[in-house]
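Top line first, the protein sequences correspond to chains A and B.
Each residue of the first sequence is one higher than the last, beginning at 1 in this note's numbering.
Each residue of the second sequence is one higher than the last, beginning at 1001 in this note's numbering.
In case anyone wonders, no lab produced these hints; they're calculated from the structure.
Derived lysine-lysine pairs resembling DSSO-like cross-links, with alpha carbons at most 30 Å apart:
#, chain 1, residue 1, chain 2, residue 2
1, B, K1018, A, K138
2, A, K335, A, K233
3, A, K298, A, K335
4, B, K1072, B, K1018
5, B, K1018, A, K112
6, A, K407, A, K517
7, A, K138, A, K112
8, A, K40, A, K138
9, A, K138, B, K1072
What follows is a list of derived Cβ distance ranges for each label pair:
#, chain 1, residue 1, chain 2, residue 2, range
10, B, E1145, A, G111, 34 to 44 Å
11, B, S1164, A, L190, 25 to 35 Å
12, B, R1057, A, N382, 53 to 63 Å
13, A, Y176, B, E1175, 22 to 32 Å
The beta-carbon is built from N, C-alpha and C at its ideal position, and this holds for glycine as well.
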Amino acid sequence: MSELKTGGQIIWESLIHEGVDVVFGLPGGAILPTYDDLYKYDYPIHHVLVTHEQGAAHMADGYARATGKTGVCIATSGPGATNLITGLATAYMDSTPVVAITGQVSTALLGKDGFQEADIRAISMPVTKHNYLITDIKDLPAALKEAFYIARTGRPGPVLVDICKDVQQATMEFTYPTEVYLPGYRPNILAPDPGVIDRVARLINEAQRPVIVAGQGVSMARAEAELRQLAEKANIPVATSLLGIGAIPATHPLSISWGGMHGEAYCNYALQECDVMFAIGARLDDRLTGAFSTFAPKARIIHVDLDPAEMGKNLTIDTPVVADALMTLRALLPKVEPNEHPAWLGQINEWRSESVERDILTQETDELVAPYVMRQLWYATNQGDATIITDVGQHQMWEAQYFNHTKPRSLLTSGGLGTMGYSLPAAIGAQIGNPQEEMWVVAGDGGFQMTMIELSTIMQERLPIKIAIINNGYLGMVRQWQDVFYNKRYVGTPLYNPDFVKIAEAYGIPARAVTSKEDVYQAIRDAQETDGPYLLDFQVEEFTNVYPMVAPGKSNADMIRRGRPVEN
Amino acid sequence: MSDLQIRRHTIIAWLEDKPSVLNRVTGLFSRRNFNIESLNVGHTETAGISRMTFVARGTERDLQQITTQLDKLINVVHIEDVTNEPAVVREMAFVKVRTTSQTRGEVMQLVEIYRASIVDVDMSSVIIQIVAPEDRVNSMIGLLENFGIEEMVRTGRVAMVRGSSSHGHSHNASEWTTAPSATVPVVAERNGHRD
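Use the sequences and the hints to build the structure in full.
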């Protein structure tokens, strides 16, 4: 007979069984019994108190992306739980393993519209991989075990476990389950079919103009080395999706950067002109493809993904491969023949030089523009030896264009949901998970203000996070759309900003505004050499736009581009 | 191309009998903008497993999306599009039809022709029960409209594949529920990725 444990104890001990040593949360009435057990039993789990529950979910997400482990966030019932939703939706769209634990009103009060009751199981259903409402302590251990198993296996994603307050207080004899029984969930069939691999190899070997498109799935499977071997063996250029950045070093000769709405023009040309596309671990969403019907019109597309539902969801696929990225690459490597593709690589290089001609950094300007800041940040971080956590908007695209990521998982960004306010809390989670890494938040002035309240969490946790605000006084990307599609009618986009330096100083964070090009590099170096956090407010030219740009619903072949210098 | 042809598909899904499982299924239909014509759920031969038959319109590719997305729900144990299988497909309906002493005979004749039955009689109406393929149900209802339909309820399609399935397995739900469960190491190191 083992001793009786409370639901609260079971929660913490289950987390310990799963290897969790940090959780991000904010207490409230319906989760207090569980918090009380953390105090009473002094479990070896560090609780990071957040300022707002949205921050807790983003922190768990950032922690998971930076470490590959499952991030955990905790909130109370009602508003605590609903505040998690944006963070869970962000994690869901980008396939991040997160477990969210929420308190719920007592079972006797369920459905009575009592204080702080919200049906979070129903609310979170479309933005979680799975979820649970626990009304009986007997179901609690299995639910927690399953939650972690589901979150991290197969295509990862967030799982929410909603636990009634009286369940947290009830007791039972507890042993953590060693097995999960999920007859409807079999994520362990991962090996590609040998016949399909033969076909894929034949397509690649016969291709005249092949392209690899690598997504986040490559890094999730830790398959970067194999990807590189495949590319090098047959001299195949490698494009990535936004989330796939880092799957191959941006400085590798076969890297053709990333494609899509604001991807490099030469990359988009290569994607449009290729005859075989080997897409691996990327879900080929609309921001990468432009109008589905016009994407890669000459290509036979091979699509490798763990998730069968991604096959043919957006595009007509020639050869679907439902399998693990690493196993697929390993099976494929011996069957792909060495190849040179000189004409094709030459053509891409021509496009590349033309892109360089039009590059904003090639064009002499005294103005302080964000691309310049991003390139200086790259130099200052020893050419990419840092993790950058971006927000959403123009700065996010510039970072992806001008910071040449050379390490896997060195860019954390909300690619799918496009969540403004993601960067600061995600960086907190990432830095806690990976304390030795140099971490930079790159945020716009709009998005930064959505979650800048978590500056207090940075100080509370004594984290050395550096923050670069790309401050142009506008919701820049929205303003850019107004420029291009709404005849410059700037409704709702000019911002009334606070003094960000004073904001930082109010939290005890040293800060400095940067207004001229000459000061950029030194300001970054000063921030790096300061122990602890530092905030830089880069007051950039207001009306610079991101190019190239593909209008929504249009073909990637019809990019809006920056003019050549002679045309200016 | 038959790939682009829009057809009605009959799909059977086996669901774990867990709280809010129907909510998950219908939530997915609405979130993914799937067009569902009918849906029917009930018990199976296996305790803890429900069986849902639904009819959806779309191309082969649409239906591929519907079935693969549904299959991703943790509580969906198995799913099959049986449109191209030899299957018994039926729908049941109750139709309450207005009758008078003059029309009752004619209605009864129709009931006979459609191999339906009258399950309740009143001075001014009868309730007709029909179990038949959908087009036959539609055809009878079309004729009954001439007499005036007061009330109607239809179950939607249910289907069962004849004999043993061409996939070489039966559709007994225990087949998918008795497979061994996954053993998950409890050690902390596994809270992440392999390698």
